[in-house]
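Visitor: Turn these sequences into a full structure, and let the hints steer you where they fit.
Chains A and B supply the protein sequences, listed in that same order.
The opening residue of the first sequence carries number 1 in my numbering; numbering runs sequentially from there.
The opening residue of the second sequence carries number 1 in my numbering; numbering runs sequentially from there.
Hints were generated in silico from the structure; no laboratory data involved.
Where hints are given, some of them may not hold.
Heads up, the list lumps identical chains together, so a pair's fine if it works in one copy or across two of them.
Taking lysine-lysine and the DSSO-like style, the derived pairs with C-alpha atoms no more than 27 Å apart in a straight line are [claimed, not checked]:
| no. | residue 1 | residue 2 |
| --- | --- | --- |
| 1 | LYS57 | LYS226 |
| 2 | LYS291 | LYS226 |
| 3 | LYS108 | LYS128 |
| 4 | LYS108 | LYS274 |
| 5 | LYS226 | LYS320 |
| 6 | LYS226 | LYS333 |
| 7 | LYS223 | LYS120 |
| 8 | LYS274 | LYS98 |
| 9 | LYS148 | LYS320 |
| 10 | LYS274 | LYS223 |
| 11 | LYS226 | LYS329 |
Please read these numbers as outputs of a predicted model, since none were measured by experiment.
Number of protein chains: 2
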Amino acid sequence: MGLNSTLRHTRGLVFAAALAVGAQVFAQSDPLPSWNDGHAKKAIVEFVHATTMSGPKFVPPEQRIATFDQDGTLWVEHPIYSQVMYCLDRVPAVVKVKPELANVEPFKTVMSGNREAMAKFTLQDLEKIAAATLTGMSVEEFQAEARKWLAAAKDPRWKRPYTDLTYKPMQEVLTYLRANGYRTFIVTGGGQDFVRVYAEQIYGIPPEQVVGTALTTSFGYGKDGKPVLTKEPKLMLDDDHAGKPEGIHLEIGQRPHAAFGNSVGDQQMLEYTKAGDGARLAMLVLHDDAKREYAYGPAQGLPDSKVGTFTQALYDEATKQGWTVISMKNDWKRIFAWEP
Amino acid sequence: MGLNSTLRHTRGLVFAAALAVGAQVFAQSDPLPSWNDGHAKKAIVEFVHATTMSGPKFVPPEQRIATFDQDGTLWVEHPIYSQVMYCLDRVPAVVKVKPELANVEPFKTVMSGNREAMAKFTLQDLEKIAAATLTGMSVEEFQAEARKWLAAAKDPRWKRPYTDLTYKPMQEVLTYLRANGYRTFIVTGGGQDFVRVYAEQIYGIPPEQVVGTALTTSFGYGKDGKPVLTKEPKLMLDDDHAGKPEGIHLEIGQRPHAAFGNSVGDQQMLEYTKAGDGARLAMLVLHDDAKREYAYGPAQGLPDSKVGTFTQALYDEATKQGWTVISMKNDWKRIFAWEP
Numbered sequence: 001m002g003l004n005s006t007l008r009h010t011r012g013l014v015f016a017a018a019l020a021v022g023a024q025v026f027a028q029s030d031p032l033p034s035w036n037d038g039h040a041k042k043a044i045v046e047f048v049h050a051t052t053m054s055g056p057k058f059v060p061p062e063q064r065i066a067t068f069d070q071d072g073t074l075w076v077e078h079p080i081y082s083q084v085m086y087c088l089d090r091v092p093a094v095v096k097v098k099p100e101l102a103n104v105e106p107f108k109t110v111m112s113g114n115r116e117a118m119a120k121f122t123l124q125d126l127e128k129i130a131a132a133t134l135t136g137m138s139v140e141e142f143q144a145e146a147r148k149w150l151a152a153a154k155d156p157r158w159k160r161p162y163t164d165l166t167y168k169p170m171q172e173v174l175t176y177l178r179a180n181g182y183r184t185f186i187v188t189g190g191g192q193d194f195v196r197v198y199a200e201q202i203y204g205i206p207p208e209q210v211v212g213t214a215l216t217t218s219f220g221y222g223k224d225g226k227p228v229l230t231k232e233p234k235l236m237l238d239d240d241h242a243g244k245p246e247g248i249h250l251e252i253g254q255r256p257h258a259a260f261g262n263s264v265g266d267q268q269m270l271e272y273t274k275a276g277d278g279a280r281l282a283m284l285v286l287h288d289d290a291k292r293e294y295a296y297g298p299a300q301g302l303p304d305s306k307v308g309t310f311t312q313a314l315y316d317e318a319t320k321q322g323w324t325v326i327s328m329k330n331d332w333k334r335i336f337a338w339e340p
Numbered sequence: 001m002g003l004n005s006t007l008r009h010t011r012g013l014v015f016a017a018a019l020a021v022g023a024q025v026f027a028q029s030d031p032l033p034s035w036n037d038g039h040a041k042k043a044i045v046e047f048v049h050a051t052t053m054s055g056p057k058f059v060p061p062e063q064r065i066a067t068f069d070q071d072g073t074l075w076v077e078h079p080i081y082s083q084v085m086y087c088l089d090r091v092p093a094v095v096k097v098k099p100e101l102a103n104v105e106p107f108k109t110v111m112s113g114n115r116e117a118m119a120k121f122t123l124q125d126l127e128k129i130a131a132a133t134l135t136g137m138s139v140e141e142f143q144a145e146a147r148k149w150l151a152a153a154k155d156p157r158w159k160r161p162y163t164d165l166t167y168k169p170m171q172e173v174l175t176y177l178r179a180n181g182y183r184t185f186i187v188t189g190g191g192q193d194f195v196r197v198y199a200e201q202i203y204g205i206p207p208e209q210v211v212g213t214a215l216t217t218s219f220g221y222g223k224d225g226k227p228v229l230t231k232e233p234k235l236m237l238d239d240d241h242a243g244k245p246e247g248i249h250l251e252i253g254q255r256p257h258a259a260f261g262n263s264v265g266d267q268q269m270l271e272y273t274k275a276g277d278g279a280r281l282a283m284l285v286l287h288d289d290a291k292r293e294y295a296y297g298p299a300q301g302l303p304d305s306k307v308g309t310f311t312q313a314l315y316d317e318a319t320k321q322g323w324t325v326i327s328m329k330n331d332w333k334r335i336f337a338w339e340p
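Guide: Here it is, written out as structure tokens:
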């Protein structure tokens, strides 16, 4: 190889290396490509920098805990929680096994298929349906049924599996936090057993990092003498409102440094998170994008909603306490991974 | 450098490299140096090989869960559980705040210092003492007290901090399993909050991987308006016997592939573990070493014990079910890290 050729070759290598380094630096400087530049993105990036680089706000890796509400924070919760759809869809199978339920409310209404009547169900109605469809079977039987439903069911608006309806920007936050030594937990008012069926696949969050509303199980032996855990209709942890910090203490055992929610059910989790020493991040997703997703509050003049209520009082507390409100409309460049 | 010198130098490097490789191979082939060769050590190594190398018994990393009882399995539980010592030691401080307790049993006996009388406490007595010393304070106040006690208290036999009384061979099992992609959990009949205070420091197990007996907490606001979690005298999870698989489902959400215990309180956890498909490891530590530690059963003619009971029926089930009994006397080369 002549000198010129060697120099060209070397220059080529150096150039390639510089490009590679540049790409890496670029990747490092934009961990949240689906976020528009703004105060929300800035709050996340500054929090991660402050808590992972040496300085007064540094957080030791063992204390890096971040908690995320699920419905409305990590994925779509409108028009109704996916778990409620699961329970309604399971009613015919339950009635087949217990035909006497066919003439008993609220099962009779579910069997009639009258969506308008179902929309008027009381909490007690929904609890009866939940008890009938989520308990009385082994843990494995429940998991198999839920898995089957998730593979087949479609959301009414986008006609996609529910597991497609996770928010790309929040997926990026999960990945970004984990890349910086944070353990990411779901802390949901939804059923812990239900969310655990898919959380690993869609969020990379293993079952032990899902905290949610939990019914008891009872250990016993089946007809074949094999040990079995049966799901019982007895509430153990109501993981909503004050139940969220209580559930965090029960199953995580440490105060989070970052917490994300979207409704009044997340308020106590955010208060508890912010009450700790040092840098703490508290964020609330505001659904103000009727075109790309949904718009509901009633904060900021948005339409009221029974599902994922975000009151003006919560908005005001966020402002007062230094929590960051994420505007879906303004802060998110894209909502879903499958969008063009 | 002459040719000979170069050759010698090269040979030296090659030799050093070979030594290094050899040392590494040796290290890999002996992950359990405190274990004598025998069926117990063999069972652990074969289980890890079978479940982590390609073959019919391979377990995907996300399913690699191993659970360990604590008292008597990972550290010394005789003459009495360290948490009971903590509660007894806390009584004077409680009586100072509530002087009316000084003349009420069982507090009166504790204040008298009469160890013989204390040894006769009923379960109800101990529950009263536990409620008085473990509840009615914030989570942080409890943690600070427990930390202070652990730093000062000494075990009566070896005059060492309780945190020194962990078993070196079991520490090696924890490390070995984690090096092979297993997540290691403590599943203890002891108090979850108590064990979480020191589990990270002495076992490398973070709070969220400690499952134990749990009282409820209640979320509220202190006099300063700050959110606070208060420990309440209401049992939420009795993590012993059948409560162990129930606690595993609640806080881990997956059946373990390996489980370690030492008493009748661990039986259901081992049954549940072994009832899963594929390779499952179930082991029981038998305390048959009065000289280096303690000897109790009453299995195999060992003295009976109320603390860490290992019955002959449990021994027989272990034999029948293919669980491996670890003989402390024969299987462990050393018990503690600080032994000469």
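Visitor: Evaluate each hint against the coordinates.
Guide: Do the hints match the structure? See the list:
Taking the shortest alpha-carbon separations for LYS57 and LYS226, only the inter-copy value of 21 Å comes in at or below 27 Å, while the best intra-copy value is 52 Å. When the C-alpha separation of LYS291 and LYS226 is checked against a cutoff of 27 Å, the pair qualifies neither within a copy, at 53 Å, nor between copies, at 39 Å. Taking the closest pair of Cα atoms, LYS108 and LYS128 come within 27 Å of each other only inside a single copy of the chain (12 Å); across copies the shortest separation is 50 Å, beyond that limit. For the homomeric pair LYS108 and LYS274, neither the shortest alpha-carbon distance inside one copy (46 Å) nor that between copies (42 Å) is at most 27 Å.
Taking identical chains as interchangeable, the C-alpha atoms of LYS226 and LYS320 lie at most 27 Å apart only when they sit on different chains, with a minimum of 14 Å there against 56 Å within one chain. Proximity of LYS226 and LYS333 under a CA criterion of 27 Å is satisfied in neither setting, with 52 Å inside one chain copy and 36 Å between copies. Proximity of LYS223 to LYS120 under the C-alpha cut-off of 27 Å is found in neither arrangement, the shortest distances being 41 Å within a copy and 41 Å between copies. For the identical chains of this complex, LYS274 and LYS98 are neighbours neither inside a copy (48 Å) nor across copies (33 Å), given an alpha-carbon limit of 27 Å.
Taking identical chains as interchangeable, the C-alpha atoms of LYS148 and LYS320 are never at most 27 Å apart, the minima being 45 Å within one chain and 37 Å between chains. Taking the shortest Cα distances, LYS274 and LYS223 sit within 27 Å of each other only across copies (17 Å), while inside one copy they are farther apart (50 Å). When the C-alpha separation of LYS226 and LYS329 is checked against a cutoff of 27 Å, the pair qualifies neither within a copy, at 53 Å, nor between copies, at 33 Å.
The structure is inconsistent with the numbered hints 2, 4, 6, 7, 8, 9, 11, although it conforms to all the rest.
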